[in-house]
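Chains A and B supply the protein sequences, listed in that same order. Residue numbers for the first sequence follow the working numbering, beginning at 1 and rising by one. Residue numbers for the second sequence follow the working numbering, beginning at 1001 and rising by one.
No lab work stands behind these hints, which were simulated from the structure alone. Predicted model, so just to flag it, every value in this text is computed and none were measured. Treat the hints with care, since some could be wrong.
[Unchecked claim] If you want the ones that stay clear, here's a sample from chain A, every Cβ over 12 Å from chain B, calculated:
1. 196
2. 211
3. 238
[Claimed, not checked] Sample of chain A residues facing chain B (criterion: CB under 8 Å; computed from the structure):
4. 23
5. 29
6. 33
7. 35
8. 106
9. 109
10. 110
11. 149
12. 152
13. 197
14. 206
15. 208
Beta carbons: idealized from backbone N, C-alpha and C, even for Gly.
The primary structure of each chain is shown beneath.
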Amino acid sequence: MRRLAPFALIGALLLGWEIAARSGLWSPLLFPSLMRIGYEFGLFVSRTDRLIEAWVSLHRALGGFALAAVVGVVVGMVMGRSALVAGLLDPLFSGTYAVPKLALFPIFIFVFGIGSLSKVALVFLECLYPIVIITCHGARSVNRVLIWSAQNTGASRTEILRRVVLPATAPFIFAGFRVALPVALIVVIMTEMVSSADGLGYQVIYAMSSLKTDRMLAVVVAIALLGWLLDKALAMLRDRLVYWEKLETYYV
Amino acid sequence: MKRSRLVAFLVVTAFSSFNVAAQEPPLIRFGRGFAAEEQVWLMSARPDLTPNQGKKYQLKQILFQANPERFQAFLAGELDGGTAPGLAVIFARAQGVDMKIVASICLEAAGKEWFSTTYMVKDDGPVRSAADLKGGTVGVVGIKTATDLWARAGLLNAGVVPDKDTKIFPMGFPGMGDAVRTGKINAGTFVEPFYSAEVARGGLRKLFTAVEAVGYDHELLDIWFGGKFLKTQPEAVRAFLADYVAVTKYYLANTAQAKRDLHKAGFVRTPLEIYLKNADWKRDPNARIDVASLDRLSKFMLEKLQWLEKPVTVGEMIDQGYLPR
C-alpha cells in the first residue's frame, strides 16, 4: 500500500488534468487531453528520428555532467581538505553560485560555437557548483577520529585521502550528483530551446511554433521520463557503491 | 435614517458606474510585436491621428516577443487581435484557431525603394552562392518563422536540403553579424536596423533576399482579429481599421516625422539618426492584403516544407470587409 501511495498522487494529478481538459473551460489547443498527449507520446517513441533527438540531448547532458563530476569531485575534495585552496576558491564559488549561467549562453556560443560544445560547456558549469559545494562540505565533515586512526597506522596523506576521506565523502558526492543530474538535463533542454537544430529542446520549440501543445507536452513527458530514469540509475549506482549508507537507513 | 441614506448612495453609485461602463467604447486588447509595425505603434504614439480612438473603440497594445506566445494569449482569452506574420496565422488556422486576417501591415517586395530581409555571408568567405551552404549553417531568428521559411526556400532553390545538408539555427538578430564574421554560422538573417548597421561595419556580403528566395512579393506582417470579436464588435473593428488606414497614409506621407514620434514615444530604441536612414518595407496605403501571395506561401509550406499536415484554405482566413471602402 505504501509503495502505491506516490502513484496514487500522480494518478490524482492526471485525473485532475483530464477533468480540467474536458471541462471545456480552456481551448484544447492550450490544454489538451491526456488522450491527445498520450497519442503524440506514442508517435514520439515509435519514431526513430525522435529517439535520436533524445539521444542527442542525453549525450550533451551526460557529457557536461561527467566532466563536472570529475572536476567537481577533485576540486570539492581539495577544497574540503585544504584551507589554502578553500580560501582561494570559496569566494569564487559562493560569489557566483547564484548567477544564472544561462545568461552567459550567448558568450558560450561565441567561444565554443553554436553546436554541441557550447551546450556541454554550459552544462558543465551549471553542474560544477552543486558537486563542488556538496563534496567540499562532505570532505570537511569527515570524522577526525578516522583520520587520526589512519595517521596512527602510518598511512600517507594520499592513502588517507583515498582510503578514508573519499569513502567518507562518497555519500555527499552522490548527493551532489543527484542535485546536478536534473540540472544537466534542464540546462540542455533550455539551451536547445534557445539555439539548436536538434535535441529535445528543439523539438519543444518546433511543436510550440506550430501551436501543437499536445506534441510539445508529449516531448515534456519524454524529458520527465528520461530525468526519472537517470535519477533511478544514479540512485542504484549509489546504493551499490555506497552500500553502507542506503537511503532507507535514514527513515525510522 | 443613516442606513437608508447609505443604501441610496450605493444604489446611485452602482447605477451611475453601470451607465458609464455601458457608454464606454469597447476595448481592443491588441498583441503587437517589436519590428516593422510602425503604423500600429503610431496609433498609440499619436492618438491625435486616430479620430475614432476613445470614441468607437479603446486600444490597449501589449508587446509580445514571439508569435506562439501571442496566439496562446489569444487562446487564453487575453487578446482580441494583434499583429502576426501571415504564415503564423496559417499555422494557427491549420490548428483550428478561430481568427481572421483583416489588414496588411507590410510586404516583402522587390525593388530598390523597399527593404527585403537579406541573408548575408562573410565577404571573404568561401560561400559564393546558396549551393555553397551545403554542410554549413544558417542563422534564423526562430524556428518556423518567416526567416526560417525564406532560408529554407533559398536553400531548396539551390538544390540544398535544409536540416539534412545544412543546419538551421535560431539566434537573435543582434548577434547575427558577429556570428557570421567569426564563422560560428555561415549565413545570417538581417532585418533593419541591424542590416544597415552591419553593412556599415563591412565584412559581409548579400547572398539572397526573402523575395529572391520565395520568388515573388508576399505578405510579411498582417493584422488579425479573433472570429468571436469580429462577430460581437464589428463596428469597433471597422473604426479601428479606418484609423489604421488613415495612420498608414500619414506614415507614408510623413515617414521621418512619424519615426521621430515613435522614437520619442519609446516604441523604437535604435538611435534616431540610424532609424531615420533605414530602408523600409513596402506598405500598402489602403492596407489591402495580397491574398494570392499568402495562398502560394501556404502551398509552399505544405508541399515543399511539410510544415502543415493538411492544406489551409487561405480565402477563409482573410476578411477585408472591415477595411474602409
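Q: List, from low to high, the hint numbers that the structure doesn't satisfy.
A: 1, 2, 4, 6, 7, 11 and 12
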